[in-house]
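Number of protein chains: 2
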Amino acid sequence: MSDIPAEEAARHRAKMEKRKAVQDAEVASKTQEKGLLIVHTGAGKGKSTAAFGLALRTLGQPEGQAGTRVGVVQFIKGAWHSAERDALAAFGARVEWHTMGEGFTWETQDLARDTAAARRAWEKACELMADESIGLLILDELNIALRYDYLPLDEVIATLKARREGLHVVVTGRNAKPALIEAADLVTEMTLVKHHFKAGVKAQKGIEF
Amino acid sequence: MSDIPAEEAARHRAKMEKRKAVQDAEVASKTQEKGLLIVHTGAGKGKSTAAFGLALRTLGQPEGQAGTRVGVVQFIKGAWHSAERDALAAFGARVEWHTMGEGFTWETQDLARDTAAARRAWEKACELMADESIGLLILDELNIALRYDYLPLDEVIATLKARREGLHVVVTGRNAKPALIEAADLVTEMTLVKHHFKAGVKAQKGIEF
Chain Z
1 MSDIPAEEAA
11 RHRAKMEKRK
21 AVQDAEVASK
31 TQEKGLLIVH
41 TGAGKGKSTA
51 AFGLALRTLG
61 QPEGQAGTRV
71 GVVQFIKGAW
81 HSAERDALAA
91 FGARVEWHTM
101 GEGFTWETQD
111 LARDTAAARR
121 AWEKACELMA
131 DESIGLLILD
141 ELNIALRYDY
151 LPLDEVIATL
161 KARREGLHVV
171 VTGRNAKPAL
181 IEAADLVTEM
191 TLVKHHFKAG
201 VKAQKGIEF
Chain G
1 MSDIPAEEAA
11 RHRAKMEKRK
21 AVQDAEVASK
31 TQEKGLLIVH
41 TGAGKGKSTA
51 AFGLALRTLG
61 QPEGQAGTRV
71 GVVQFIKGAW
81 HSAERDALAA
91 FGARVEWHTM
101 GEGFTWETQD
111 LARDTAAARR
121 AWEKACELMA
131 DESIGLLILD
141 ELNIALRYDY
151 LPLDEVIATL
161 KARREGLHVV
171 VTGRNAKPAL
181 IEAADLVTEM
191 TLVKHHFKAG
201 VKAQKGIEF
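Which chain is which? The protein sequence lines are Z and G, in order. Letter 135 of the first sequence, counting from 1, is numbered 135 in this note's numbering, and no numbers are missing. Letter 26 of the second sequence, counting from 1, is numbered 26 in this note's numbering, and no numbers are missing.
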């Protein structure tokens with residue numbers, strides 16, 4: 001089947017046996033079950049996109065059970081992510097998507113309007129947190145609303161912490177507040193290593209929109 | 001509508017006007033269109049998940065046009081991401097998913113078998129790269145196959161660079177090779193800031209599987 005020397009194959013096998021023992025022990029040590037508070041932050045791409053990818057995990061579970069619906073509340077963006085919204089429409093009522101933001105804050109240029117929009121979005125988020133059919137709630141760009149003080153940080157964190165057991169919440173957006181990171185179970189920072197915009201390549205269909 | 005002082009509102013407006021001018025100028029400066037070579041790497045979560053989220057962008061485009069199908073080749077994982085696979089089945093023939101890996105390398109413990117599996121997966125990837133109905137190709141965990149030298153790096157990079165115009169390719173997996181980062185248009189590193197495993201919380205349905 002191959003020309004790999006027996007010695008090398010044995011070495012590989014021994015190394016991987018060791019690795020497997022470590023992995024298995026690690027998995028066995030984790031026993032607690034709970035809904036997670038997840039934060040995707042950083043200046044890189046993929047924060048919202050990974051959240052929508054997580055939605056697929058929930059939607060891949062058998063339909064009709066408690067917690068197999070997905071809620072999305074968009075706090076800031078409206079124009080972006082419309083293709084994902086269109087695609088998730090394939091799952092019908094299993095995805096409940098609310099675009100509450102008025103667009104980027106540098107598009108609206110109106111603080112009162114942005115604050116009011118963030119408050120409406122937060123009220124919708126609270127409504128969905130109470131809905132037991134929902135297993136995953138994506139609060140898209142909530143970090144931006146918090147950064148600009150459109151919403152009181154203390155209130156938001158207290159409510160997220162008091163969420164019902166079993167509900168996963170994903171908060172996206174750059175510049176996550178330290179208090180939110182402190183409260184979260186899982187935080188990933190998306191770091192930009194290299195971007196095609198730097199090379200003069202424009203926003204691409206299928207990638208940026 | 002609000003109790004924001006006029007002065008503060010005006011200051012906000014002026015700041016955002018400035019910000020908008022910068023954004024608009026930046027967008028206008030990007031003119032090139034091309035399929036992108038994208039790499040998701042790093043030890044954090046969300047590398048594959050963000051790739052599957054990108055799939056939704058392609059699938060949200062109107063059906064039937066060239067480049068609106070998605071290909072997935074899984075080089076290493078088999079057991080994970082089955083929920084995403086089940087969910088993407090909702091899009092029928094628009095998603096072509098091939099799980100070619102035999103599982104994690106520390107599960108198989110067999111170098112010859114892993115090398116042969118990686119070769120078969122790469123041949124499938126080449127086949128999908130030639131298929132013009134596909135607009136986005138996800139090479140899931142290819143970085144792992146490259147890291148363990150299951151495939152020759154030079155051959156892989158040359159083929160990826162020579163891909164047809166308009167095809168987006170996403171390569172996932174930690175420890176991306178520097179030569180691949182060099183060849184890529186867009187590289188995001190997912191950095192682990194905080195993980196619930198550390199707090200003894202186990203892999204959660206809807207998040208890890």
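Fair warning: there could be bad hints in the mix.
Reference excerpt, derived from the structure (chain G facing chain Z, CB under 8 Å, subset only) [what the hints assert, rightly or not]:
| no. | residue |
| --- | --- |
| 1 | 36 |
| 2 | 45 |
| 3 | 53 |
| 4 | 54 |
| 5 | 99 |
| 6 | 100 |
| 7 | 112 |
| 8 | 124 |
| 9 | 155 |
| 10 | 158 |
| 11 | 159 |
| 12 | 188 |
The calculated label-pair distances, taken between Cβ atoms and stated as ranges, are [unchecked claim]:
| no. | chain 1 | residue 1 | chain 2 | residue 2 | range |
| --- | --- | --- | --- | --- | --- |
| 13 | Z | 113 | G | 162 | 28 to 38 Å |
| 14 | Z | 127 | G | 147 | 13 to 23 Å |
| 15 | Z | 6 | G | 178 | 48 to 58 Å |
| 16 | Z | 23 | G | 9 | 49 to 59 Å |
| 17 | Z | 34 | G | 181 | 18 to 28 Å |
| 18 | Z | 174 | G | 9 | 21 to 31 Å |
| 19 | G | 174 | Z | 113 | 35 to 45 Å |
| 20 | Z | 19 | G | 162 | 33 to 43 Å |
| 21 | G | 65 | Z | 155 | 38 to 48 Å |
| 22 | Z | 34 | G | 24 | 42 to 52 Å |
It should be emphasised that the hints constitute simulated quantities derived from the structure, not laboratory data. Please read all numbers here as calculations on a predicted model, not as lab measurements. Positions of the beta carbon are idealized from the N, C-alpha and C atoms, including for glycine.
Structure-inconsistent hints, enumerated in ascending order
5, 6, 8, 9, 10, 11, 13, 14, 15 and 17
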